[in-house]
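> Each chain, written out:
There are 2 protein chains.
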Amino acid sequence: MDKKANLIENDIPKNWYNILPDLPFEMEPMINPANMKPLTDEEFAGVFPKEMGKQEHSRKQYIPIPEAVRDIYRIWRPSPLIRATRLEKYLGTNAHIYFKWEGVSPPGSHKPNTAVPQAYYHQKEGKTRMTTETGAGQWGSAVAFATGLLGMDATIYMAKLSFTQKPYRKVLMRTWGAECLPSPSNNTSVGRAILKKDPNNIGSLTTAISEALDDAMHHEETGYGIGSLITSVCLHQTVIGLEAQEQFKQTEDYPDTVIGCIGGGSNFAGVSFPFIGEKLRGERPDMKIITCEPMSCPTLTKGIFAYDYGDSEGLTPLIKMTTLGHDFMPPAIHAGGLRLHCKAPIVSKLALNGTIEPRAYHQNEVFEAATTFARTEGFVVAPETAHAVKGVIDEALKFKNTKEKKVILFNASGHGHFDLAAYESYFDGTLVDYEYPFELVQECLCRLPKVE
Amino acid sequence: MDKKANLIENDIPKNWYNILPDLPFEMEPMINPANMKPLTDEEFAGVFPKEMGKQEHSRKQYIPIPEAVRDIYRIWRPSPLIRATRLEKYLGTNAHIYFKWEGVSPPGSHKPNTAVPQAYYHQKEGKTRMTTETGAGQWGSAVAFATGLLGMDATIYMAKLSFTQKPYRKVLMRTWGAECLPSPSNNTSVGRAILKKDPNNIGSLTTAISEALDDAMHHEETGYGIGSLITSVCLHQTVIGLEAQEQFKQTEDYPDTVIGCIGGGSNFAGVSFPFIGEKLRGERPDMKIITCEPMSCPTLTKGIFAYDYGDSEGLTPLIKMTTLGHDFMPPAIHAGGLRLHCKAPIVSKLALNGTIEPRAYHQNEVFEAATTFARTEGFVVAPETAHAVKGVIDEALKFKNTKEKKVILFNASGHGHFDLAAYESYFDGTLVDYEYPFELVQECLCRLPKVE
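As they're listed, the protein sequences go chains D and E.
The end of the first sequence is residue 452 by the numbering used here, with every number in the run present.
The end of the second sequence is residue 452 by the numbering used here, with every number in the run present.
Any given hint could be a false lead.
If several chains are the same, the list does not tell them apart, and a pair holds so long as it fits within one copy or across any two.
[Claimed, not checked] Taking lysine-lysine pairs in the DSSO-like style, the calculated list, with each CA pair at most 30 Å apart, reads: (1) K249 with K14; (2) K124 with K89; (3) K89 with K14; (4) K405 with K279.
Worth flagging that the hints you see were computed from the coordinates, not collected in a lab.
Next comes chain D alone, as it looks inside the complex (with noise of 0.2 Å):
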């Protein structure tokens, strides 16, 4: 094997991995803010399905995979495991560089990992339709890929921004049978009280989260669909670090480095909490888990641990993580699903105790990389995977004049096809570098809602 390891269908992982038995600390509840409490699970199955809440909590190490759900992912699962040995010959590297490939699948990216087993299980607890935001549209066209498939209607709130930078996005909704608008929209109360504050609100994954959180829970028949942050999406990416490890049998190397970016967190935590579990448990405690975000919108790199909400409107539980203020408003870059503020529990916990090394990058340094990627290895990524080949290429060329074998391992989240507008900016030269917007997210920390 000295390109590409390929598992047959049925090496699809049968199981998920989790983490959580494996954590060296206890996860904090979420918070109802109604009552201040713990949130319960019925409180978590309102919108959510109920097998999803007792995920949330499992201490089970390995939970099956429904086969209903494994027969879906059969359709581009397992992804490809691809040794980048153009890009390792490019930058001089003596390092072996990896890259599992989630553009294979039919929406486009990793998110239908999660889309469908949320779908199935909103769908056996008798759920028809489904709500969700999006914020560059990978998510949406996910949950519309797994809802058109199981025969279930959609309705997707897609940030107004990437709505209109992307205008075919809401195509691609439309051909899986889901409906898509722009957020902040007058579809629900809660867009039309952002429109009346501000008609000219770019959106933002926040606002759209509000609004499909509003309309699930105005609609019986309604589950929503949540697109990361939570320790059961997390869990369900897990299948791309578990497919990786049985690929990794076809080689003659294992990843010592193992690198992906940041959004809300479920990308990362797919394919590295199975090595990050193996670095926990001590079987390799040298293991090196890098994430990368924006610096326009750099939560683990400047943000603070604390309470706080999911979405801008306050309508979610309040989770305890590493967060920029749930009203920050990140800058238009191109990287619209990593304009979150906040991100996963789990990962926020682990870059606070050192287990993960956070890192941040600007727009142009980022689509360098991604260009390079595509001249070396073909793929044309999405701007939020461009962040991942950044830190790859950084991390690679350490390793120019040594001898010392270093493996590489990350995780190509997405393809770039409905992003080359953006790409276009960039060999235009009018990308822009937006500096960190300190004194803006300092007001929103301020405003981060009080838990005793």
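Position chain E relative to chain D; hints supplied.
Using the frame of chain D, we list chain E on its own:
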């Protein structure tokens, strides 16, 4: 194996399959229009690589794939063979439906299967730049990808209609380092002449071919890339069918029907030639082979077999093939890659002698089929590929109430990520089903070049 068959990379074919020795007829030579004599190898090699000149009339059954080409193939090959179980269930058919999914290549179609060897041969023979034409953008993207990875320059002439309909195709080509111009352009004498005659000319594959040839003929360091039609290009595409034959060994099935859409004929040739070989050699005499073309450009169903040019301006050699006349301008349908007046000579003759069955479809029924495919199998295919899907569904519906074993294989030649404007028109009900423009075609056929 019930869903997806994988080969590991070492199973990428080492040879292409050459159908010439298996054909029950002789192929007519290309004619040099300057002297009306058969084209010599030297004349052919003016803009094409010498190596491809040899491949045009080789009698060897198998032709080795250069290791450098296989090395790039490994990025996405072997492409998956997927059983369309959900589509089967939706149709209620007893037929087993399989597809080769060529959309996994970085440019998103089967086209790099030949773009890579063409760029490789050109570079080996001293060229540092390539030109080519592109209709829908799939072929241009493939040449941009191949030249980008090999460090060559490239200029791609894109039919103006598609250039406008698909603004992101040019950015994709630019990402790999290539320049993409709308054709007719002011960059070549041929383009300027077309624009002088008709400043609003929307272009077609054939105007773009003329410009790309003109450019290559006037620049010594430049080789020309051809996306379809000629024998060596069909040869390169046979990796598709050869892989499928290997992959079927992992199943309990073997195709008795092979289906592909047809523009120039290369993706159809790629999937079908290895199976047609079995049919011609008498190993599987009942094998049914079907090509699907648009009603608006119905070459195989309505054209005539005669010597004609491959481009609109008469720059190519004269080729004996089925044609609608080289100056036939097909209506502006969305399947830009199928808007070609002529078909590959081998495919033309196999249709003439009844080995393959041509069918023609209207746009709306084709997009209906593609939408069904997206909502069952997940993948959103190109409008070209959608023609094959329509053919598959028609065929599969014949086996709703039989117990007869039927196995259909088709080539899913590319994804539709850059064709969503076409899907939108379909959903909005604004797609026009063009009637077969018989008088226009008759006029064009009257202007066929005279060859003794």
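> Give a verdict on every hint.
Verification of the supplied hints:
1. K249 with K14: So K249 and K14 pass the 30 Å test inside a copy (18 Å) and across (25 Å) alike.
2. K124 with K89: between (49 Å within a copy, 20 Å between copies)
3. K89 with K14: For K89 and K14, only the inter-copy Cα distance (24 Å) is at most 30 Å; the intra-copy one is 36 Å.
4. K405 with K279: within (18 Å within a copy, 52 Å between copies)
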